[in-house]
Amino acid sequence: GESVGLHLPTLSVQEGDNSIINCAYSNSASDYFIWYKQESGKGPQFIIDIRSNMDKRQGQRVTVLLNKTVKHLSLQIAATQPGDSAVYFCAENSGGYQKVTFGTGTKLQVIP
Amino acid sequence: EPEVTQTPSHQVTQMGQEVILRCVPISNHLYFYWYRQILGQKVEFLVSFYNNEISEKSEIFDDQFSVERPDGSNFTLKIRSTKLEDSAMYFCASSDVKGGVANEKLFFGSGTQLSVL
Chain A
-11 GESVGLHLPT LSVQEGDNSI INCAYSNSAS DYFIWYKQES GKGPQFIIDI
39 RSNMDKRQGQ RVTVLLNKTV KHLSLQIAAT QPGDSAVYFC AENSGGYQKV
89 TFGTGTKLQV IP
Chain B
555 EPEVTQTPSH QVTQMGQEVI LRCVPISNHL YFYWYRQILG QKVEFLVSFY
605 NNEISEKSEI FDDQFSVERP DGSNFTLKIR STKLEDSAMY FCASSDVKGG
655 VANEKLFFGS GTQLSVL
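Sequence order for the protein chains is A and B. If you use the working numbering, the first sequence corresponds to residues -11 to 100, in order. If you use the working numbering, the second sequence corresponds to residues 555 to 671, in order.
Keep in mind that the hints are not guaranteed to be accurate.
[Claimed, not checked] Only pairs whose alpha carbons sit at most 25 angstroms apart, straight line, appear in this in silico SDA-like list of lysine to any residue:
1) A:K87 <-> B:Q571
2) B:K596 <-> A:N55
3) B:K596 <-> B:N582
4) A:K95 <-> A:N41
5) A:K30 <-> B:D617
6) A:K56 <-> B:K659
7) A:K87 <-> B:G570
8) A:K87 <-> B:G626
9) B:K659 <-> A:I99
10) B:K659 <-> B:M569
11) A:K30 <-> B:G654
12) A:K87 <-> B:M569
13) B:K596 <-> A:P100
14) A:K87 <-> B:Q568
15) A:K95 <-> B:D616
16) A:K87 <-> B:N628
17) B:K659 <-> A:S0
18) A:K30 <-> B:G653
19) A:K87 <-> B:T567
20) A:K87 <-> B:R634
21) B:K611 <-> A:N55
22) B:K659 <-> A:D5
23) A:K95 <-> B:E622
24) B:K632 <-> A:I99
[Stated by the list, open to error] Far from chain A by the CB rule (all over 12 angstroms, computed), these chain B residues:
25) S563
26) Q591
27) S602
28) P624
29) S649
30) G663
[Stated by the list, open to error] A short, non-exhaustive set of chain B residues, derived as facing chain A with CB atoms under 10 angstroms:
31) I580
32) Y585
33) K596
34) Y604
35) S609
36) S620
37) C646
38) A647
39) V655
Hints were generated in silico from the structure; no laboratory data involved. Yeah, the Cβ is synthetic: ideal placement off N, Cα and C, and Gly gets one too.
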């Protein structure tokens, strides 16, 4: 069935280093992907998105890479800061706009 | 920055009781959603709502669940007879319109933690 999943449940990174969080998806029809950040006790917060007609998109300190050939998505965070500590979810929308399917989440721990 | 607000932040109820979770979406948004997250698991879609009717729902959203927009600002989720497995964090979200359809960028509230005893 359709699914969006993450390779690593927990990632520990030294402050100042770059972080890479990976995600695999199975639905070839997915055409829109989103990364959300969820801090403890809060709802998911939009970080960055990418459409299937792109393979890279950059934001402030974050970059999302999309490899449609292998159905893989990654989130790169440059110069990771303690405030980046959170659970990161990849999510996809396959055109219906109203149902976003979330992956299982990766916990990012930043070591000061 | 405008935000989605949810009340209460925590709700404890006895099994079989009815609960209503409340949300105030962002004021100019037209699409409203409920998601839930069981502890340690994925965020799961429950329902989307537009123009005073349900536009899409998941298999989780059975006859025990209902949604309502009782006035111009609130959006509620009602669970008629709660079960133990309904215990979860319930998130409300909203989005505006882009190109005549729902904007994929959702804004989430901080959630209501529902505990069914």
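Status of the hints after comparison with the structure:
1. A:K87 <-> B:Q571: violated, 28 angstroms
2. B:K596 <-> A:N55: Since the Cα atoms of K596 (chain B) and N55 (chain A) sit roughly 23 angstroms apart, the hinted pair holds (cutoff 25 angstroms).
3. B:K596 <-> B:N582: Distance ~28 angstroms between K596 (chain B) and N582 (chain B) Cα, so the pair is violated.
4. A:K95 <-> A:N41: Distance of about 28 angstroms is beyond 25 angstroms: violated.
5. A:K30 <-> B:D617: Violated. K30 (chain A) to D617 (chain B) sits at ~28 angstroms, over the 25 angstroms cutoff.
6. A:K56 <-> B:K659: Status holds; Cα separation ~21 angstroms.
7. A:K87 <-> B:G570: Roughly 29 angstroms between the alpha carbons, so the hint for K87 (chain A) and G570 (chain B) is violated.
8. A:K87 <-> B:G626: holds, 23 angstroms
9. B:K659 <-> A:I99: Violated, at about 31 angstroms.
10. B:K659 <-> B:M569: Not OK: K659 (chain B) and M569 (chain B) at ~35 angstroms, beyond 25 angstroms, violated.
11. A:K30 <-> B:G654: Violated, at about 30 angstroms.
12. A:K87 <-> B:M569: Violated - the C-alpha atoms of M569 (chain B) and K87 (chain A) are around 29 angstroms apart, more than 25 angstroms.
13. B:K596 <-> A:P100: violated, 28 angstroms
14. A:K87 <-> B:Q568: With Cα atoms ~30 angstroms apart, K87 (chain A) and Q568 (chain B) exceed 25 angstroms; violated.
15. A:K95 <-> B:D616: This hinted pair is violated, its Cα atoms lying about 31 angstroms apart.
16. A:K87 <-> B:N628: Roughly 21 angstroms between the alpha carbons, so the hint for K87 (chain A) and N628 (chain B) holds.
17. B:K659 <-> A:S0: violated, 28 angstroms
18. A:K30 <-> B:G653: violated, 30 angstroms
19. A:K87 <-> B:T567: Since the Cα atoms of K87 (chain A) and T567 (chain B) sit roughly 28 angstroms apart, the hinted pair is violated (cutoff 25 angstroms).
20. A:K87 <-> B:R634: Judged against 25 angstroms, a Cα distance of about 24 angstroms means the pair holds.
21. B:K611 <-> A:N55: At roughly 30 angstroms apart (the allowed maximum being 25 angstroms), N55 (chain A) and K611 (chain B) break the hint.
22. B:K659 <-> A:D5: violated, 29 angstroms
23. A:K95 <-> B:E622: Outside the cut-off at roughly 34 angstroms; violated.
24. B:K632 <-> A:I99: Measuring from Cα to Cα gives roughly 42 angstroms; hence the hint is violated.
25. S563: Since the minimum Cβ distance to chain A is about 9 angstroms, S563 (chain B) lies within 12 angstroms and the statement is violated.
26. Q591: Answer for Q591 (chain B): violated, closest chain A Cβ roughly 8 angstroms.
27. S602: Label violated. Min Cβ-Cβ 4 angstroms, cutoff 12 angstroms.
28. P624: Non-interface label on P624 (chain B) holds, nearest chain A Cβ at 21 angstroms vs cutoff 12 angstroms.
29. S649: Per Cβ check, S649 (chain B) is inside 12 angstroms of chain A; nearest 8 angstroms; violated.
30. G663: violated, 5 angstroms
31. I580: Interface hint status for I580 (chain B): violated (13 angstroms vs cutoff 10 angstroms).
32. Y585: holds, 7 angstroms
33. K596: Constraint on K596 (chain B) satisfied, holds at 5 angstroms.
34. Y604: holds, 8 angstroms
35. S609: holds, 6 angstroms
36. S620: violated, 18 angstroms
37. C646: Where the cut-off is 10 angstroms and the nearest Cβ of chain A is about 8 angstroms from C646 (chain B), the hint holds.
38. A647: Cβ of A647 (chain B) sits 8 angstroms from chain A, so the hint holds.
39. V655: holds, 5 angstroms
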